[in-house]
Each structure stands twice: as C-alpha cells, then as structure tokens.
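Q: So the chains spell out like this:
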Amino acid sequence: MITAGIDIGSLTAKCALMRDGELIAYKVIKVSPNLEETARKVFQETLKAAGIKEEEVEKIIATGYGRNKVGFADKRVTEISCHAKGALYFIPTTRTVVDIGGQDSKVIAIENGKVAEFVMNDKCAAGTGRFLEVMAAALNLKVEELGEVAEKAKRATKISSTCTVFAESEVISHLASGEKVEDIVAGIHEAIASRIAAMARRVKIEPDIVLTGGVAKNRAMKKALEKEFGMEIKTPPEPQIVGAVGAALFA
Amino acid sequence: MTLKKLRASDKMKQIMAGYYMMGNQAEVNGWVTSGAPVELLYAMDIYPVYPENHGALIGAAKQGPYFSDFAEKRGFSRDLCSYARCDIGCVYAGTSPIGGLPKPTFLFACNNICNTVVKWYQVLSRIFKVPLFVLDTPFVRKELKESYVKYVHDQLYEFVDFLEKVTGRELSDSKLRETILNSIKGVNAYSEVLRMARHKPSPLTCFDAFINMAPIVCLRGTEYPIQFYAEMKEELEERVRKGEGAVDNEEIRLLWDNIPVWYRLKWFAEFFAERNACLVADTYTNAWTGFVSMDKSDIFWSMAETYTFIYLNIGLEHMAEAINRLIDFYDVDGVVIHSNRSCKPYSFGQYELQKMINAPSVVIEADMVDSRAFSEAQVETRLEAFLEMLR
Amino acid sequence: MNVGYLCTYTPKELIDAAGFTPIRIFAGDAQISLATAHIQSYACSQARGSFERALRGELDVQAVVFTRCCDTLMRLADIWERNTEMKVYNLEFPTRVEEKSKEFYFNELKDFVKVLEEWGGEVTLESLKESFSLYYELEEKLKKLFSIKPDYDTAKKVQEMNVRDAIKLVDERLREAEGEDKKPRVLITGSVCPFVEVYKLFEDAGFALKDDICTGTRFFTFNTPPRDIGSVDEGLRFLVEKYFDKAPCPTKHFPKDDRFNYVLELAKDCDGVVFLLLKFCEPHFYDYPQLKERLEEMGKKVLLLELEFPIASYEQLRTRIEAFYEVIA
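Protein chains in written order, with numbering that gives the first Met the number 0: chain A, 0 to 250; chain B, 0 to 390; chain C, 0 to 328.
What the hints contain is simulated information worked out from the structure, not anything from laboratory work.
Calculated lysine-lysine pairs in the DSS-like style (CA-CA distance at most 27 Å, straight line):
1. C:Lys113 / B:Lys144
2. C:Lys155 / A:Lys157
3. B:Lys141 / C:Lys113
4. C:Lys156 / A:Lys157
5. C:Lys300 / B:Lys128
6. A:Lys113 / B:Lys354
7. B:Lys265 / A:Lys74
8. B:Lys164 / C:Lys255
9. A:Lys233 / A:Lys151
10. B:Lys128 / C:Lys99
11. C:Lys113 / B:Lys149
12. C:Lys299 / B:Lys128
13. A:Lys68 / B:Lys265
14. C:Lys109 / B:Lys141
15. C:Lys245 / B:Lys149
All of these numbers come straight from a predicted model, not from anything done at the bench.
From just these sequences and the hints, can you work out the full model?
A: See below:
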C-alpha cells in the first residue's frame, strides 16, 4: 500500500511517500499564501520524484499548521502525533521529541510508542523558528546562515529579553555597543535553547531525545540544546520530513 | 454542525433582561464582586450590579477589544484584567452592549476571588466619588483559622452598619434569614443541574453551564434561580430519559478549568462536539456550589466561613482536591486548562496542579474577554493533539 | 538559619528576635528559565526572577515567609513550597489597613511566633527589645543617609544581611556621604527595582533623586516612635502599629486613599515624576492613570518606564531618562 503524508508548516511544505511503511520519496518546498495549492504542488512533485501516479496512492494524510486547508486529504492528524510517529520511524529508541517549528515549538514525551504528554510554547514566539527569523533579519543574515555563524563565536552574548520584540531591539543595541555578530548569534541560540528547555521541564524527559524540524540541521542549535538538557540529542537523517513521514504512517 | 440548544437558555435571557431592567429602576444599587455575600444586599432591597458579569457579556458580544480601548487610552495597561479594563472602558465610553451600567450608590469589593478587585474598585470609587467597602478575606493556603473567620465575621457586621448608613434603611433579621434560605435553595437547585452531567452521555456541557450561570451569580438570594434551575433540571432529565447526550456519540469526557473564553464559547462548543468530546463540567461554575449549610445559629459566622473558603481563595492542595473530586464524580478522561492572562489567582499554579490531579491535562493560552490574546491555530492544534492522545 | 521574604510588610524584627536572619529575596541577573516550567510568563519578573534564583540554588535561605500582598505572591507560596526544600509560611497581612484590622494582624503575629519556635527559634522579651532597637537604629540611619544622598546600593545590601552588619555598613557610608549641588529633582515611584544601575542612569542624566520604591525609602520609612514594652504581646502590639503606619503600598486598601496622598505629598518638591513599574504588576498599574492625572494637575511632568528583570538594555532606559531630563531642565 502506498500512502502520502503532507506536512504544511508555516514556512515550508513537506511531502513523504511510503510503500508498506518504507519511505520511497519526499520533497520540501516553500509555502505560498495559497495552502491548498502548496499542498498539491508538493504532492505532485513528490509523485514525480517517485515515478508514481496519483491513483496509486491509497491514503493521503495531512498534518501541520495548514492541515485543515488540504482539501484532498483523507484524514488530518496534528503534528504532535505525527512528529512522535515519524521520530520513532527514524529512531525507534526515541522517548522525547523536541521540535522547533516556525510558529510552535513542542516537546513530546513518548511512552510505549505513544504520545504520553506534550507541551508547547505559550502564545509568544520566543523559542520558535519565528524568533530565529526575526533575529536573522535584525542582523542582516539568512536563517540558514545562523548556525554556521554561531559556531565561530568565542563566547555567547547574553540575550535577556523573553519577548521577541524586545529581544530584537536588545540585539540591535548589542550591535551598537560593538558586540561581535557571531557572539550575538550564539547568544540567540542559547536564548532559544533555554526557552525550550524551560518548557520541556513540564514533562518527563527521557533519553533518547530526538530533535526534529528544519532547525535540527543547525548544529549550533543542537549543541546549545544539549548543553541545556545535559544529554546528547539525536537527529534523524532528514529532520524536516519527520512530520510528513509520521503522517503517512497514520494511514 | 448545529449545537443542541437548551430551552432553558431562552428563559434565562428573559430573567436576565428583567434583572437588567430592575437595575435602571432601582433607587439604591451597589456594584459588587462575584464572590461577595450578596445576600446582605438583597435582604435590604438593594440592587446588586455585577461588573464581572457585565465583562463576560462584553466578551460574549465580542466587543472586548473595542471597550478595552477606551480604558487603554486613559493609560490602563493592556496587561490588566480584561473584565476590569472593559468595564472601566464602558464607564469612559458612557455606554456598553446593554447601554452601560447604572451609576453606583456604593461599591462593595470582596477579595476572596482576587486582589485585583480591590484595585479595580478603588479606581471606580475615584471616578464615581462614592464610598467603597472592602471585605477582606484572608487567603486560606492551608487551614481555615478561626481568627480568619472572626476577622471576616466582624467585617460583615461592619458592612451592615455601612449599608444602613448609606441607605438609611435597617436590616431585618427575618428578611436576612429568608434571603439566605433562598440563596441556599438556589445554590442547591443549581448544583443539581450541574450534577446531571454525571449521566452518560451527559445531558449538558460546561458551555450550557456557562451560558446559564448568570442567575446564580446575580440573583442569588431571590426566588428566580430556585425556579429557573428546577425547570432546567427537568429539561435535562427529559434528555436523560431519552438517552440523549448534549454531544452526539459522547466518546471523551472532559473537565474545563478557569473562566470561559467568552468570545469563543460557540467555537469551543462546536470544536468539541464535532470530535465527540463533551466537556461535562468545569471548576468555574462549580465554585458556586460549595456553600456550607446554615446550620449554625450565627448566620454571620457561617457566611464568613463560606465566603472565606471559596475556590479561588484557597491553596493549591485544596484546589487539587476539589478538581480531583470533580474528576472522580464526573468520571472525566482529561482536563482542559485555560491559562487565562487576565486571571492570575486562577491561572498561576496550574502547572503544579497538572502534576497534582488524577487525569491527563492540556494547557491552552487565552484570555476570557480580550480576543487579541487568542490564537485559533495554536489552540486548535493543542486541543486536537490532546484528544488524539486520549483516544 | 536565614529566613527569606519578598514583601516589606514582613515583620523582620520578629525573625531577628527569634535568632534567625531575615534576608530579602530579589530577582537576579540570570535569564529566567527554570521558573518558566512552574509559572506563566505573565507573572511579573520579580516573582519569576526570585523563584528562578531559588531553583538555581542561588539563595542561602532555609525558609521563606510570604504575605498575600498580590495575587502572584499568593500563588507563588505554594509553587515555592512544592519545588524547593525550603520551609514556606504565609503570614497574612490584612489588605484593609485600618484600626479594625489590627486585632486580626495581632493574631497573625502570635501565630507567626509559634511558627518561628517550631523552626527552632525563640522570641523573648529581651530579644524582641533588642531587635526593635536595632531596626529602629538602622531605619533612622538610612533616613539620614538618604536625606544627604540616596544610596540604592547600600539600601539593597542592608536588606540582604543581618541587621547588626547593616548598621555598620550604613555608618560607614554616612561617614563618606556628601550632599549634592542643586539639580532638578525627580521622584521615582514604583514597586521593586533591585538593579541599582537603574538609579545610576538617573544620576548620570543629571537628576537628584527622591523615591517611593519598595526597595528604596518605602522599606525603611516607618513612623511609629519606639516605646518600652513589658511583654512579648506588647511587643507584637507595637509591631502592629509600626507596620500599619509604614509608608503605604498600593497592594493595600486605606480608607482615606493614603497611598495617593503619600505620593502626591512626596512629589511636591520634585520637578518630575517617573513611574518605574514592573511589567504585569497589577497593583501599581491600576493606580497609574489616576495618579498620573493628579500629578499632572499639580504641574508635574510624568514619565512611565516599564521594566522587566533582568534588565535587557540599559541603553534604552538611558535614552528615555536623558530625554526626560531634557524636557524638565
């Protein structure tokens, strides 16, 4: 049986095709304002990559922030359940999933292969991918460059503000007082890691901890989180598509 | 998706319309907080005005941000309680969804629900230049000490003096006993309505309880709630006889914690009903059911006890105990916790309560009246994931 | 044993007389992280920051006394007790500060003495007399120091040490203290601000300072002269008088609006008033609009500065304070 999982996030759309529970193809594209169209596009591109016809796909499951906008999906499941399932697919020993999403960050505790508990950030964006984006813009950097820049830092500038808006002006004033860009970027990573760790303390954290989502590719972030948790953190080979894979497995 | 409406709700609207009409004609009125011993006012034919209920009404009318803005322009911070902000905003705006509240003769704030009301009513007393009586109920973190009850007890006597001075009327003992008896009867009738949710499927949701709670808050001590809740109970019994649930195919039973998100009541009700989940009970409306009986000869003493040991004026251990009783009694599968920016005494401690209660729970962030603090996508995802987890 | 407290309506004299050291707890420099798991971000950063320090093991206190002065501290007591090894007690201070509440507070003090004894302390007539006289001495000396030139660094330190050492410290500072030339004077009003750099910003801008801050004059401004006591109970009665007649705080209710009158009186000889308010501090933010209006009617310039601890950017504050100076001077 061939199934598709489509994960519509706030920044990127991901699609994973699975045959009898094995990943056969996936694609990641940028989200355009029309979510239904985005979903269709990422689905078609994945089909093409796998050389499979649409009719061959038996079930389509949508997840992520835009899951309700995917009209052609057979079922919708939240990204919490999907990230848990997807993480287990890649790393069967997963007990804790940390996902830093564009709008929402979450920490999921897994017991006996199921979601036992989860926490998500409160309304503010500090500790989400959005925070990184705002900070990158304030520093005139691309989000993808942040990890690399942070790794050059000798020390991390302390970012005290918990609010994204305040933190932005704090970053600007650090620049004005002559702090090095890489130190500030390292500080930003520490600030997010600290927010995530604080949130995570509300659930039971057990190893293995798996970091999912696009941010997992950022090595500086992984390191900052490891420091906060005091534990090694694993990342799946394709952290971005964990949600989509999980969705496809929900068929 | 159409929600099943209770006939009682129409009756409730009539009763409340009558209540507001009475306000415009009343010679003497006092603005009171929701946890204040209103029996003393009714016993002296003083009309009680409930700014908090008015705040809820503004929220339900989705006008929170609009009226809050009038207060914010005067310098009241957006971080203040949205009931207070909107009510103060209405005073400055000179109107409200019901044309504004009648100007107070006096103000009566009891801090058994929060310290916020003390500050809020101080603001009002400066605006209206009318006397303010603060009934100070010590916080019962662990035990309800006799010295606490004594302190409140003495203040009740003092309050009667205050009322007699302000109104020039005298409190009659028999009228007070009659009012308190009505109050107890009303509370019992209301409790019986809420307890109907014990049935499976439940004939009512907490949203029905929220919508129909105004009479027990505003008219407690009169005969209206007694009759109204008796009728409402009959309607619910009818549903039980037919095996009809408030939600079709009730699969998951939930408990709600904190004040409702008034501007999203229907949205929440539909959200859960569509997913065969029923919020059978809540900690908010149940706060009005914990009244002790009037078995002591000193009614002021039992009033003092009752009003000091109120849900929001007790420590977390007491609160957890109360929630666990509800979890047990209503046999719920999970708890939906509203972290309400406006209500600190209700919300702080919720993360601890999660560890103290005997059911899984989820926290959602919102505000009772200010819709600017609500993110639909965020709330939806948390709740859906929670339901997926419970299934 | 060190006994921590957050609110200045905590009777330090009793703690000292019992043989313990009262230590005031402030928010620290570290970013608030651990506390976030236990209390929402819309609690003020004094509450969250103090608790953060407890969780990080930065506090050398073995017990904490809470008062129900605001909704946040009321709930923090339980949260604190559940997550630290410290003993926690809440001593109710009446919200209504007036004659009729005195008996109640007297009973609370009696109960507190019992608690101090359970903790291994002992309150005797002699120890009580000694503590009363020491605190009186400290308060008078602080008043003197502040009348020469406010010294917030000292004010902070004395709250974190034994009263005997505190007196020595103030004595030292008194020897060095020098008055200032005539400068525009600003009244800073607000809740707590243990970050002494903030006051420095005002001085740097060219202001002479006067304050109505809970970590400034408000914690040592008492108006009850000392008197001889013949028993512990009499001592407790004295404490009731002393704390009821303390510089008024907005968390309380005074029948004659003492709080507003107090601030208006302080503002009389000032050129401007700065509200130094902690974000989410309800008691102060409810007062702000009407108090501001009254101050403006008096012809005072008013500025609102909203703080969060730890202070993220002194430069932002500096710009605002300098601009305010330019408006006034």
